[in-house]
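Protein chains: 2
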Amino acid sequence: MRLHEGWRSSASWRVRWALALKQVPYESVLVDIDRGEHLALAPLNPMCAIPTLELDDGTALAESVAIIEWLEETRPEPALLPGGARERAHIRELVQIINSGVHPLQNTGVRLAISDDPEQQRAWCARWIERGLVAFEAHVARTRGRFSAGDAITMADLYLVPQVRNAERHAADLGACPRVREIYAACLETPEARATDPTEVRKRAAPPT
Amino acid sequence: MRLHEGWRSSASWRVRWALALKQVPYESVLVDIDRGEHLALAPLNPMCAIPTLELDDGTALAESVAIIEWLEETRPEPALLPGGARERAHIRELVQIINSGVHPLQNTGVRLAISDDPEQQRAWCARWIERGLVAFEAHVARTRGRFSAGDAITMADLYLVPQVRNAERHAADLGACPRVREIYAACLETPEARATDPTEVRKRAAPPT
Numbered sequence: 001m002r003l004h005e006g007w008r009s010s011a012s013w014r015v016r017w018a019l020a021l022k023q024v025p026y027e028s029v030l031v032d033i034d035r036g037e038h039l040a041l042a043p044l045n046p047m048c049a050i051p052t053l054e055l056d057d058g059t060a061l062a063e064s065v066a067i068i069e070w071l072e073e074t075r076p077e078p079a080l081l082p083g084g085a086r087e088r089a090h091i092r093e094l095v096q097i098i099n100s101g102v103h104p105l106q107n108t109g110v111r112l113a114i115s116d117d118p119e120q121q122r123a124w125c126a127r128w129i130e131r132g133l134v135a136f137e138a139h140v141a142r143t144r145g146r147f148s149a150g151d152a153i154t155m156a157d158l159y160l161v162p163q164v165r166n167a168e169r170h171a172a173d174l175g176a177c178p179r180v181r182e183i184y185a186a187c188l189e190t191p192e193a194r195a196t197d198p199t200e201v202r203k204r205a206a207p208p209t
Numbered sequence: 001m002r003l004h005e006g007w008r009s010s011a012s013w014r015v016r017w018a019l020a021l022k023q024v025p026y027e028s029v030l031v032d033i034d035r036g037e038h039l040a041l042a043p044l045n046p047m048c049a050i051p052t053l054e055l056d057d058g059t060a061l062a063e064s065v066a067i068i069e070w071l072e073e074t075r076p077e078p079a080l081l082p083g084g085a086r087e088r089a090h091i092r093e094l095v096q097i098i099n100s101g102v103h104p105l106q107n108t109g110v111r112l113a114i115s116d117d118p119e120q121q122r123a124w125c126a127r128w129i130e131r132g133l134v135a136f137e138a139h140v141a142r143t144r145g146r147f148s149a150g151d152a153i154t155m156a157d158l159y160l161v162p163q164v165r166n167a168e169r170h171a172a173d174l175g176a177c178p179r180v181r182e183i184y185a186a187c188l189e190t191p192e193a194r195a196t197d198p199t200e201v202r203k204r205a206a207p208p209t
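Chains A and B are the protein sequences, given in the same order.
In terms of the working numbering, the first sequence has 57 at position 57, counting the first letter as 1, and numbering is strictly consecutive.
In terms of the working numbering, the second sequence has 60 at position 60, counting the first letter as 1, and numbering is strictly consecutive.
Read the hints as simulated data drawn from the structure, not as lab findings.
Being a predicted model, the structure only gives us computed values, none of them experimental.
Incorrect hints may have been included.
Taking beta-carbon pairs under 10 Å as the criterion, some of the chain A residues facing chain B (in silico) [claimed, not checked]:
{"no.": "1", "residue": "Tyr26"}
{"no.": "2", "residue": "Pro46"}
{"no.": "3", "residue": "Thr59"}
{"no.": "4", "residue": "Leu61"}
{"no.": "5", "residue": "Val65"}
{"no.": "6", "residue": "Ile67"}
{"no.": "7", "residue": "Thr74"}
{"no.": "8", "residue": "Ala89"}
{"no.": "9", "residue": "His90"}
{"no.": "10", "residue": "Ile91"}
{"no.": "11", "residue": "Ala113"}
{"no.": "12", "residue": "Ile114"}
{"no.": "13", "residue": "Gln121"}
{"no.": "14", "residue": "Arg122"}
{"no.": "15", "residue": "Ala135"}
Beta carbons: idealized from backbone N, C-alpha and C, even for Gly.
Start from the sequences, fold in the hints, and give me the full structure.
Right, dumping it as structure tokens:
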């Protein structure tokens, strides 16, 4: 399979990380949104969004949640949604706090629609990121373990970590989110998170001359 | 269980409709966002969002996707995510086009943050709704059947129909989406969609005097 992805795209990181955890081999196709390369994805994905996962039969899957749930159903180990229905629901709540509660509001297209001014864009993004991560913090403050839902990486971490990276980029204030910052640091100590980190992918996008 | 919901909230309609299809009895608690009543949900749901499903053990589930996936796992019939992994992925793609691609951008809080001017708010909402529904149209144009993914209602329809209702409210142009409009009309002929329609719930919120 081929993953159409962007080095800075946080939704791409989620899928790249899931593929690494499940040890699924794939070909990476880097897409540069700034150059409009995503528009060429239309036949595969009408939203022209990255990530788009092209399967070996020529069809494609879009939307990180749909892709990761599909990976979980077709390659169950290691489980990214472990536990019973109640535990899985809790992980999906955390996923959606980021996936629908934060990420769409600070995505490139929306940011550009808000203002031409970089500081206004930044403040807009920081506002929604802070709101979402404070809610995430309230949820995970009740749980124990190294990561968002225990001592193993779950789908919730795959959404949290790229969002915290975006928070840093937009100088959001995470002072009220100590547990979120702790989980972020713990995740970044794992080999799959490090190997799929945007800073690693960027080296492929623009190799040092 | 108790569903904390709003009569006009499209995310509430999704869950109400799923509960009706699966014939799950519940107590409805109407929450008026305009009066700030959602803030009282904080102990149950840190996002203070509706719908919030309060379970009999006193815990609660938030986020419509997490709630409906949980219902699907605990009460599999009728299936809202039927088929194999590939078919389920397709339905989840459609769900996410609405859930993360459209709905967050035209939600009440964001709309109020965009502008004080109702016409600017409307234009903002219509823009993202049209973009998302055109993508949804491109996806479902390839499929056959009465509804979004065949001849039975699936989770995709639970997201599409309330979004089309919002499109009407914001006067979005659905001229490029004939199949979406056809599916919308077909869904509204089903008893569970009609019984859970906001216009029905509104009667409970403000009974005629």
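For each hint, the structure was consulted:
Among the interface hints, the one on A:Tyr26 is violated; its C-beta lies about 16 Å from the nearest C-beta in chain B, farther than the 10 Å criterion. The beta carbon of A:Pro46 is positioned within 10 Å of a beta carbon in chain B (closest approach about 3 Å), and the interface hint is therefore held. Hint status for A:Thr59: holds, given a least beta-carbon distance of 8 Å to chain B, under 10 Å. Checking A:Leu61 against chain B: minimum C-beta separation of about 5 Å stays under 10 Å; hint holds.
Here the hint on A:Val65 is kept, as its CB sits about 5 Å from the closest CB of chain B, short of 10 Å. Interface restraint check: A:Ile67 against chain B, minimum CB-CB distance 7 Å, threshold 10 Å, status holds. Given the 10 Å rule on beta carbons, the hint for A:Thr74 holds: about 5 Å separates it from the nearest Cβ of chain B. Because the beta carbon of A:Ala89 sits about 4 Å from the nearest beta carbon in chain B, less than 10 Å, this interface hint is met.
This hint holds: A:His90 has a C-beta 8 Å from the nearest C-beta of chain B, less than the 10 Å allowed. Below 10 Å, beta-carbon pairs count as interface contacts, and A:Ile91 has one with chain B at about 8 Å; its hint therefore holds. For the restraint placing A:Ala113 at the interface with chain B, the shortest Cβ-Cβ distance is roughly 8 Å, inside the 10 Å limit, so the hint holds. Hint on A:Ile114 holds. Least Cβ distance to chain B is approximately 8 Å, under the 10 Å limit.
A hinted interface residue such as A:Gln121 counts as satisfied when its beta carbon comes closer than 10 Å to some beta carbon of chain B; here the least separation is about 13 Å, so the hint is violated. A least Cβ separation of about 15 Å between A:Arg122 and chain B goes past the 10 Å threshold, and the interface hint is therefore violated. Look at A:Ala135: its Cβ gets to within about 4 Å of chain B, closer than 10 Å, so that hint holds up.
The structure shown violates the earlier hints numbered 1, 13, 14.
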